[in-house]
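Participant: Residue numbers (the working numbering), protein chains in the order written: chain A, 1464 to 1719; chain B, 323 to 1299.
Quick caveat, the hints were computed from the structure, so don't treat them as lab data.
Note that the structure is predicted; figures quoted are calculated from it, not measured.
One or more hints might be untrue.
[As the list claims (entries may be wrong)] Covered by chain A, per the in silico footprint, the following chain B stretches (three or more residues, Cβ under 8 Å): (1) 384–398; (2) 1176–1183; (3) 1232–1239.
[To be verified] PhoX-like, lysine-lysine: derived pairs with alpha carbons at most 20 Å apart: (4) B:K1014 x B:K901; (5) A:K1598 x B:K1240; (6) A:K1598 x B:K1238.
[Stated by the list, open to error] Some residues of chain A that are not near chain B, with every Cβ distance over 10 Å (derived): (7) E1575; (8) H1612; (9) N1617; (10) Q1623; (11) P1626; (12) M1630; (13) P1680; (14) S1699.
Yeah, the Cβ is synthetic: ideal placement off N, Cα and C, and Gly gets one too.
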Amino acid sequence: MNKYRLTTLSAILLVFVFVACGGGGDAKPAVETSAPAPVSESAAGGGAISGVINYSNGDPDAVIKMDADPVCLGLHTEPVETETIVADAGKLANVFVYVKEGVSGSYSPPEEAQLLNQEGCIYIPHVAGIMTGQKLVIRNSDSTLHNVHALPKNNEEFNQGQPFQGMELEKEFDTQEVMVRFKCDVHPWMGAYMGVLDHPFFAVSGADGSFEIDGLPAGDYVIEAWHETLGTQTQSVSVAADGAVDVTFDFASAAG
Amino acid sequence: MAAPKKTPDRHYNFRGMNAVFAWSSIALLVTTLWMVWDDYAKPWKRFQAEFRERERQQLAAEAETEKAKLNQNEVARIQQDVANEEVTLEGKRGEFDELEATLIKIGKNLYAADARSRTTKSLLDTERFQYDSALQSGDEERIAKRRAEVERLAAKHTEQRNELEAITELKKSLEAEIKNKRSGLADAEKRLAGLRLGYDSLQERVAKLDKKIDYFLLNAPLMDFVLPALKIDQVILSGLYNDINFTDVDRVDRCMTCHLAATRMGFEGEEWKQPFRSHPRPKLFLSASSPHPYTEFGCTTCHGGLDRATDFARAGHSPIDDEQKRGWIEKWGWEKQKYLDTPILPAKYSEAGCIGCHAGNVWISGSELLDIGRQLIDKMGCYACHKIGYEAYEDLPRPGPSLRKVASKISPGFAYKWISAPREFRPTTWMPHFFFQPNTSSEENLKRQEAEIRAIVAYVWSQSATGEYAPAPTGDAERGQDLFDNVGCAGCHIRDAEAKRDDFFPQINRLHGPNLIRAGSKVSSGWLYAWIKDPKQYNPDTRMPSLRLTDQEAADITAYLMSSREPAYENLSIPEVDKTVRDELILSYLENNFTIESSHAKLDKMDEGERNRYLGEETIQKYGCWGCHDLEGFENAKPIGVELTEEGSKPIHQFDFGHVHDVPHTRRDWIKTKLMEPRIWDQGKEEVKSYKELYRMPNFGMSEREAEAVVANVLGFTKAYVLKSRRADQNPETAAIAAGRKLITSYNCQGCHLIEDQGHAIKSVIQDVGQLPPNLASQGARVQAEWLFGYLHDPSSVTMRPWLDVRMPTFGFKDAQVNTVVSYFQTRDKTDAFLSTPTVADPRHRAVGRVTFGMLQCAKCHPAGPQAGTAGVTAAELAPSLLLAPGRLRHDWVPEWIKDPQSFVRGTNMPANFAKMKDGSYQSPLAQALEAPMFASQKAEMMRYFDSEEELTTFLSDPDQVVVALRDHIWWNLSSN
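Just chain B, with the same shape it has in the complex (with noise of 0.2 Å):
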């Protein structure tokens, strides 16, 4: 091949100059293609398509069934009428012509008319301002002229209105003509149209869906700038933040792009994979009328992820598990997103989402897990270590016993055993294990712990109180029995040696105290007498109420819980230990302070007795007991774990996974093993770390169902990322009711009451549903707010069902306790706190109201005195006597609630004497019934209040009036009798 000539002009080669060029300009056409093409092939696409295409298939599919549906012998029947219709028509054609020729011609008058009045008008009042100018001149002859201008034109246009009038007439009766004769069809086609509807409209929806050459052009490359129906779904948050490069910006939620079904309805199917299915639960979730509706709150805010993603991978999609992974990784392009801090929840914690609006409203309802998991931080205590900086979890009484009179209630012995493995001795117990845990497992440590445990007794039993108490009187252990299962105490404890903290999810209120099995061989029957009789001369700050016992009932139930016993924990002492490991400890806590030389002679100095308490206050020191029990001198110690209020946030680079290389690198895995198997990360290090720096937290033998329940609620603990504003627990109303609700979960008022529909879980053991302590629905409406405070302070006070066996316990709360559930009531009712005093009814609402009490037979359930027994029926059917109405129901609630008990609290007793009508309306019975003879006299006794029958059966009928006589009946009648 020769080379190519050199011209001497120009210093480059020529030709390849050109092949440079050529080879740069495909290059750069082949990147600008490549750059459209990458532009346009957006993943996504391909879901909207598909998702597009299997709609329209649904949608033609149910067009089919529903043409299939339809009558077709009715069809043909309507076509057929149609049919006949238009033949009768066509058979009319002449006479049509004729009319709609005349028609247009009126039509073109009606134009021309319309038109000339018009002209006609405008002349007129350009006429009506020169005469006008006329007048001011004051030139008579003008005027005249100009006055008879007007004349003219005014005549003209009114003969010209009435011609336009004429016409307009003519013209509907024209097209009146022709409506009618053409109504037949009109009709037939209409009833055809109505036969068809549904299939009709289902087909226009799917011709809409339909590709056509629009669709195509439309969605084209480079064309699909205009109005493409392909294209990205997003929502703008404001309020709710998103962190990037450490700003906070308002959050896009682009997740509908590819999630197209996730606010519709109807793609709950099998056949409806991800991402093309309804979001569940429509009423609270994304729907406009829900709670949460999807143009204020988005997806990420709950589920967390990318906002702005619109690619699978970047999203942050979390798998919940390695087969999961694969396949992710297979069919999307799975990969982890390193820099993302809060990757999608995984679905089966997607609840933990929910916290960041809701962290202070202590119930989230509709949240099982979450709700489990908050029970179990409250009953094992994880607040009392680890501070929690929410609302539901800050101010939180003690989750164990006080401390302080311990010597008189159990033996040292027992302790030091209790202490070495709690779950032993009483297996659903919230109290974990601290001791002779995995790390802790060699010989030596075995030793140290020995060591510890003796200490911590000897130092408890230093500082506690001592007493004596005499043996309780003698019980019956079956009266017992029947007493701590139907007086109250089975609402907050059992006493079951075989019970499962599990098998009482998702209301463990019967756990709220302890499970008493074993009791006999744990306290002497003597505290245990004085304790339930009075648990406050034990503990002032107990949360155990007293149920006000006899001391008969008190020594039954003593002898009941006495009786179970187990020998292995009686008569116990403390073992001996072994002081050299011992004094190693007490001499490993000296030397922080001070030199090696000082701490021996200071550890010389010791009696045995100073050895023993000085290990025992490190040990505490150590261990952080005095989080969950009240201990002398340690009253104003700080907690000492990890603080988990940001956990859910915290970067998965600072969890410790140790040695440990099985355990999965997420936020989610590391917490559950960690509370699963807390001192796990110490595997393979406990030969490197000291003694004192093992993991020190306690097991509390959770289930993987506990752990994961408490690992959603950790997961939701996160940094702020919802304005404040926008939160659910920050206003005056959600704030009270969270307040009550942190009460009544910390006094386990559930464990007896149904409370927003959860609770009444002494309902397990009390059969007779009647025998139940009440529902509290409505109780906010129910009863005035001075009553309802004078009661909870002291329930003794009244007593509304003298036949029931259970009973309201004393707490003895404080004034500021009782302010929280009283306004917490009020609250969620929606109910002011003051009421203004009736008035006393006229005669005639109390005349009614008598008779009626009567005729409705109310008595038959509401007993005539406060302790009437006997009114006709069994004592657990009764209801409350009305003699106590004017004191404790508020006058304004009693016509409402009788005139329909059970939109106040369904499932009551108390029957409807007004049927419901379908428009809401109440109907009542009396008027009808009254015409009986049998109710003659009633009718005369009423009457002398009415002046005419007439008015009598108008006062009758309507329910409101009736429950108004009623409820003064009740209040004016019956209590001054």
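Bound conformation, chain A alone (with noise of 0.2 Å):
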């Protein structure tokens, strides 16, 4: 179900004040950004498979030019980089890894959302994993026009306006779909992926390149990594009963 919920007076004009003077920040969040803890319905297992994605080139520490909107250019004190490529050390952030094959039974949504918050006219998180039947919000924190235009294939597309700060849409996915991007119109720098699987199997690698997933039942699994520019590359792995299974992929942009 679609929602708005303004969050209080207060807290609007306490969020505007704080943002035009460069702050920032979110002043009352409504929900969770922590990696999905879902509830599992089937024999939930012990197994984990974590990991590592490397990266052979260096990150291009391209700058997004934000001079069309004087709102966004005056959120940001430091250059932005961008997005697309987000690299330190070799490693790789910013993928997407989940269990595409040999997951079996059904698991039932997490009960606490999955946050998309438009914050300094950027999307964070820039990736991240949802399940279907859970809930999505949308949050615009910025005091500037954002619309947010999910472009599925498989789900239901949408394109909303949020004029207002503080502003927040609800929305859920039926379908599994890897990935959802989603864009904003106003600023066409804007971008974001989203993971919709129907298993709570998935996590995207951080700073330092590294993932883990866990909980898994012992099975055979097919694993695949997926980066919005780099492609996709799958590996299969077993994995024992509350065992670990240690996994790396090696990512290099094609003209390097």
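Now that you have both chains on their own, put them together as the hints suggest.
Facilitator: Encoded structure:
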């Protein structure tokens, strides 16, 4: 269900003043952004897949030009780097790793919502995973117009304007889809990706390139690592009950 | 053995006759039994019994799954509740018995009281009549007596009614008491039933399919006329004919007798094979809510076959290949139905069945194969030589270029080499190969063809206007390439030597115009420059539009195109041909009309030029060049090919398979072979036929896929078997849409625009979606008819998005054509042509509109002026200037659009500002937002027009009011600023 929820009067004012002063940040988080901790109805296992995403090229350090919207420009004192390739010391962040094949049983979505925050004229998080039926809260934390335009292939497309700071939109996806792209038509540099799965076995690589998927029952799985420009890679892994498997993906840009 | 004794009074052998009688009665009995059995043991019954059993098994399995899914603990718990309640009730048994006994007693009393009351009522009615008669008689005594009686009975009736009502009340309260005492149990039982609902309803369905004694009885031989479970399922289809013994009769489809799951869902899985599969795409076919419900269209209308048949072979199933044929013969006893003109179309071609009703629709949505074939017929120009008597193919422009001024465009040497083998110069070309085909490959014939080609060129050049073009100004090829890709050329043209036609399917819009490779070796830069600047100066009837290029732009594009060359095609002259052979050919034409002697005399009188031109004219006649090319002298010539309007029902014996024995004798195989190898039926006949009698159908270099797509269409060109009123293309709306689609196809609008979810071919070149030409969904509802009319005539009159590189070209349409397009959009979008002028909005709406326009930050994307391109976002993301709105948009559309843009144009960048709720309503965020102090001044501004805050809140909370206010702001405030 779509639902607009405006934070209270004072919160809006506070945030407005706060952001206008270059503070950024959100005064009253309605939802947690923590990694999903899904409730499983099927036999939850103790298996885990963890690993790291290596990247053999450097971070291109491209900077987003926000000149088009003075509000966005004013929100940052430092230049903002593009999030397409975020790599540090040969480790790649923002890679969506998930179990592509081998999951059986059905899993209920977690109670807590996944947040997609428009803050400082970028999407936070840039890449995330969400379960079918899980609540997605899309918030505009900026004092400028954003429109969140989701471009799914298997789910229903939507494009909703959020002209007011603090506005929230609630959505959920019914069908699996890796990945759903989000864009803002007002600010063409803004983009986010969300992997929609009907099980909780996914993770996004952090700044150090590491990721971990746990709670897996023993079994043979195919896992896929997805990156927005570098494509996908798959590996087969066998997870023993309570066993941990270490996996490494090596990405390189086509040009490099 | 002793001979039977003959008795004198009988002239026949008694015992012999006994034997005859005995045997004949046995034979009669056997025959009768056989007859009964034959009538009983129909093959379709086997299918029905099998399906029934399989369905039962599937349901039983589903019931088991459902049972397994039941939470057994829950069930046990509720069952325990039920048991507990039953025990509790049992404890109160004595109380209950007493209550129920009382209830029964009261029931009896109630009945008696009711009867008494009714009796008294009827007595009272009688007495009233008597009283009335007494009044008329005037007899005082009688009157008094009757009145007394009436009063007595009335009093009695009232008393009895009171008694009756008291008893009824008592009964009700007793029943309530009993129900109340049982409520615990009833509730527990209800919960149990609810929990088991899925399982129980499945079980019920299984039970229905269980074979009990009645099933066997009702389906037994001789008994099965009463109410059999296995029976023929048929549907009578009025207005959809079948030719039975030369009479058109309504179809009676019985296919469902065996195809039992066709109209049902849930039989799509691998395990379900024909005849037990669900029909694909139920939203489009057979389901009651689809456009083709089974009860109205049946099966054979589209699929072909014998409607009344209930037997596999007689129904006319057609195997697609030999392997399937062998399988069918073995499994179903298949045999060819010699006398059935329209056997069932094999699955691959079943879409051909659509054409019977949709021939005039041009695009048949949802059918890729038909659509590719339709585009091929259009591009290859089949209709130019073969009359195809359907709207979609009538009155189309000639598919090839005009040759009236060809001498000013290319050299005769180039023309000679091109005609000899067009695909060698340009592999994707639609121009077919007429010459040097397998049936004309003898040495003698090669010489004849060389003479013919030379003669064609000579004739065409003799008729063509000539002209010189000054060389093009110097251009920059790199800039030219950029323009070629982005300004719009790429919607219709490619420039790619590696391209194959097949790569472009299913949408071949970019092959609408020629592949522009090697242009530098074909035309002069001067001609090309003049042509792209103004195509109509070369050919007033061309469909190539003007992109209103500046001199520099045209020069740049010319430079880019001229840079692609193929030296082998440059500086060519026409090769010498064998004059003897040429003269023989000329004589063969002359001798058709003259004596041999005068033919020779005529030939002798001709000089070289005359000879070539004479043969050229005859050769053009022979190959029908004017079908595709506008040629002086051939304006009114009739096309030379066989008419294809009813090709799909032409009897198979009328197809000439020649001496070819490895092509199966089916219509589809003949047509496909003919398309791929047009001269094949001459195999082995080259010596028998004279040169002029050989097949002339040219070779289009069709791939198998192309040929099959065309076959699918041609198979659908059948005799009319659908009552005109039942065809999809026969009402004014569909006709207007069909006419529009025809023009849209002809001018390749979908090369650039997305229309009816098809098109945007230029997308493969223009990567930035913001730079794409618009999606024309809801165009009819969106813009004013007059505006669209003017815009299509002269797109340079308005520039909606000045920052776009791509341009709407000027086509130079005629009024009638523009009207067709306008009425297409309006009909498609169910809009009326004319609209009243909006009244000037009241100040309140204008004020709210102005304020909310600011609050919603509309100007972030919609620039303030027509030329402003810096409203804060990159050019490609900008939206049209709203200053243009009042003159361009329909004022009734704007509010609806603001309310829910996605419902008009899926994927549009225009965001929705009101959240759509599940019940279909919209929610406005404005009233709440206005509570924020940052909007205090806005609130104050609007409050000037409202009496109370409440009134303002109500206004702002209503999306329908807000969108109108926004429209009013755009209409009245913006434009007057």
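Participant: For every hint, state whether the structure bears it out.
Facilitator: For each hint, the structure was consulted:
Counting residues of the stretch 384–398 of chain B whose C-beta sits closer than 8 Å to any C-beta of chain A gives 0, which falls short of three, so the coverage hint is violated. Note: the stretch 1176–1183 of chain B has 5 residues with beta-carbon separation from chain A under 8 Å; the three-residue rule is met and the coverage holds. Counting residues of the stretch 1232–1239 of chain B whose beta carbon lies closer than 8 Å to any beta carbon of chain A gives 7, which reaches the threshold of three, so the coverage claim holds. At most 20 Å may separate the alpha-carbon atoms for a hinted pair to count; B:K1014 and B:K901 meet this at roughly 18 Å.
Taken as a hint, the A:K1598 and B:K1240 pair is honoured in the structure, with Cα atoms around 15 Å apart against an allowance of 20 Å. With a C-alpha separation of about 17 Å, the suggested pair A:K1598 and B:K1238 falls inside the 20 Å cut-off, and the hint holds. The beta carbon of A:E1575 sits about 22 Å from the closest Cβ of chain B, which is more than 10 Å, so the claim that it is off the interface holds. Non-interface status of A:H1612 relative to chain B is broken: a Cβ of that chain comes within 10 Å, the nearest being about 7 Å off.
Chain B leaves A:N1617 outside its interface by the beta-carbon criterion, the shortest separation being 15 Å against a cut-off of 10 Å. Here A:Q1623 does not stay apart from chain B, with its beta-carbon only about 5 Å from theirs, under the 10 Å limit. The claim that A:P1626 lies off the interface is violated: its Cβ sits roughly 5 Å from the closest Cβ of chain B, which falls inside the 10 Å cut-off. For A:M1630, the condition that its CB be more than 10 Å from all CB atoms of chain B is violated, with the nearest at approximately 7 Å.
With a cut of 10 Å on Cβ distances, A:P1680 stays outside the contact zone with chain B, its closest approach being about 20 Å. Distance check for A:S1699 against chain B: the nearest CB is about 26 Å away, which clears 10 Å, and the non-interface claim stands.
The structure is inconsistent with the numbered hints 1, 8, 10, 11, 12, although it conforms to all the rest.
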